[in-house]
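Novice: Can you make the complete structure from the sequences, with help from the hints?
Residue strings, one per chain:
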Amino acid sequence: MIDLKGISKIYGQKKVVNDVSVSIAKGKVTSFIGPNGAGKSTLLSMVTRLLDQDSGDVLLEGENILQSPSDKLAKKIAILKQSNNLDLKITVRELISFGRFPYTKGRLNDKDHEIINEAIRYMELEDFEDRYIDELSGGQRQRVYIAMTIAQDTEYIFLDEPLNNLDMKHSVQIMQILRRLVRERNKTIIIVIHDINFASCYSDNIVAMKDGEVVISGKKDDVIQKQILEDIYEMDINIECIYGQQICVYFDEHKDASVDDFIEDQVHLRV
Amino acid sequence: MLDRKNNRLLIVLSILTLVIGGCYILYQLNFDILFYQLPSRLNRVVTMIIVGTAIAISTVIFQTITRNRILTPSIMGLDSVYLFIQTVIVFIGGAQSILLMNDFVNYIASMLILVLFTVLVFRYLFKFTGSHVFLLLLIGIILGTFFSSLSSFMQMLINPDDFLILQSSMFASFNAINESLIWITGGVVLLMLVIVLKDFHSLDVIALGRDHAVNLGVNYDRKISQLLLIIAVLVSVATALVGPIMFLGLLVVNLAHEMFRTFKHRYLLIGSTLIAVITLLLGQMLTQYVFKQAVEISVIINLAGGIYFIILMLKESRR
Amino acid sequence: MIHKLFRLDIMIILLIVLSIISMFVGVVDLAPGDLFDLDDNQKNIILDSRLPRTIAIIIAGASLSVCGLIMQQLTRNKFVSPTTAGTMDWARLGILIALMFFPTASLLVKLLFASALSLAGTILFMQIIQRVQFKDVVFVPLIGLMLGNVVSSVATFLSLRTNSIQSLSSWLQGDFSIIISGRYEVLYISVPFLIIGLIYANQFTIAGMGEDFSKNLGLNYRRVINIGLLITAVITALVVVTVGMLPFLGLIIPNIISIFRGDHLKNTILLTAVLGAVFVMICDILGRLIIFPYEISIGLMIGVIGSFIFLIMIFRRVKSNA
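Protein chains in written order, with the UniProt record's numbering: chain A, 1 to 271; chain B, 1 to 319; chain C, 1 to 322.
It should be emphasised that the hints constitute simulated quantities derived from the structure, not laboratory data.
Bear in mind that the values here come from a model prediction, so they are computed numbers and not experimental data.
Mixed in with the good hints there might be a few duds.
[Unchecked claim] Derived EDC-like pairs (lysine to aspartate or glutamate); straight-line CA-CA distance at most 16 Å:
1) Lys105(A) - Asp199(B)
2) Lys223(B) - Asp54(A)
3) Lys5(A) - Asp54(A)
4) Lys89(A) - Asp199(B)
5) Lys210(A) - Glu258(B)
6) Lys76(A) - Asp3(A)
7) Lys220(A) - Asp236(A)
[As the list claims (entries may be wrong)] Computed footprint of chain B on chain C, listed as stretches where at least three residues anywhere in the stretch have a Cβ under 8 Å from a Cβ of chain B:
8) 98 to 106
9) 139 to 151
Backbone N, C-alpha and C fix where the C-beta goes; we use that ideal spot for every residue, glycine too.
Specialist: Rendered as structure tokens:
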């Protein structure tokens, strides 16, 4: 259980995050959604101590995270930010091994190697564990970084836009792995995500933000509501139930006549 | 398997260092003046080991912190400050000044001022610029320009005889180094080395960048200011002992990267230290036997390092 | 309030006033009233020293500032200038080589050589910064400064062999007191280049947006870049040869103007030129007065005042970002 109490961050005059209080349940996938500039990533950075907040507290199971030592925290929470461009000569296996650093400070024992092997298997990276990371594709690299956080073996895993630059196949793959981590290992996963339908299909809880404030937070079915989403994104959004999943359809915005015709024509053609 | 190859490489480099060091000590040894020549050569070799270690270690750490391979700690204006100190001494006291004539006093004074300068720049400005290391460097460079403007103005006013004496401190030299200073510097460098090696694994993590390092439990900001302090001390004592050698660090650390092809600081730290010592030995042999002391060793190394730098940049830009 | 002062007319008036003052500051007493009743000595002083000096200050200050502005437009980086791109070091190396290997050649030949070398150096710099991906804008000037250091270590190597370090180091130090008639006229060559720069101002801005962007607007990208490089290299070489190094000038003047008047080159390029001249003039007059009857060289004055201003600029930037 993580409690945010009145978190704010101010850059110059602008309140990027404004007095956010929200609770994150344990053993669930919680997604942060909202338009660009809503303050999601900034909030995530503050919760994971990458960035200092200007006011407010983050309580991890009742303990203020700024009061606990950083190396102890690294065994409880893992954070993966979105841009990961390393120009180091480092192999997949070596990078994943860094996940064990909080426990070993660099001196790996047999148990650590076992955990690393397991993380590699979990993310299906056996075939290129000895390749250098700069030789991999974006999707493969993202899997390597997630494997590193798995090797870190923390209860809480934070991911900042893990699907960025991934195609559909890899996106689905990553989201399924996150669900598996919750199911099989009882991890708590917190992600910032742009694709509202991925959030809807794969999360337990959703926190919706706008202009630095939390608009609503709750079970996903309570948040994926037409009125709520239209307020947040300021556009027409229809929600359809397909195969039991709530899917948001937001392409046929009825405002521009020419675009309207285009979409209508296609609908007719298909019918 | 890469590690095994790198271990072998370290052994080869160590042997090479010993062989070249041995050659330097024994080459054309004149038995008539053995008691003069041998200690003086030994002194030089020890000095080179100390200076090579200091420069190599500080540059490796510096490049890890700034996460790039083309900057060296001396561009923050340390060399200019050192030259400024020497110029002021000659300008005020003349060439006969006790500060210039007495190695010991000069060394202590230079070292203290250099450490003070760097610590001031680092500690104060680091708070101000946050973790924005490049900005920090730029400020250092500007201060460097400021000091070199002052020194070159004073140098114009100094009479040419005094200038010739000043000129000798403008270039690093391993000749006639005061023995007790060697031991003091050696002690300081050793101390820093122990601190660095005790925790060299966290350097590997810092190389991943701030976000990853914090995530993995490194107290990043504190660690960085500690490391910057170590760099400041290492560069300062080396410069105060022999004078400025700007491009040595750049040269040897990049050679180490090329040879070892790894991010692991175990290899980078030891490897670049060995390469630095070899480079200094070869440079010294060149000055002594090829150029017959007409050219200072730092000029040769700066030239080689500088040209290597341009090649490096061109290679980078062709990628 | 203060930005009202940065207007072209005010600056030109200021420049004229300062130029007049500059004519009457010096070891030999000269009052404005004497103008109508000059003895031979005073006439000589005015024609051979004071007037050339004043003209040299105006040309050098204006043209170096414009150089900085052009380089900043071409690289889209506010930290680039003839100092931080190593152009000045190349020019100095060129002069040194010329002095060593063909000492009997005329000044013009030496100058051509120095210009060619600084052109080559600046092109090298531009090649590097255009192709290498940089994480941070501040990285670009750091590269340039390192490159400059490489070049000056070559210069040091050469001058050490000929024992000319002290004279080299005084060359490094910008100095207007050496400007007398007969020694500065080559500086006039930079005037046409300056004018070309003014004409091309708009196109430099577009070229700075990148090759694809300029092609889209139908601009001959390569040609504009080449013209920009040629202008900056020639002007820088000319100034280094006649006056010496004036550190930071090309950096701070365009930046000050940009803070107060924005980045539209059409509005700012003339202003940059005039402010550059005013700034150098003030520094030079101060340098002549502070330890009168001796002189503090302009290189030192600009080095000190310039680095001070530059630091303030950086701090302001950090504050507005934080």
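Novice: What hint numbers does the structure not satisfy?
Specialist: 2, 4, 5, 7 and 8
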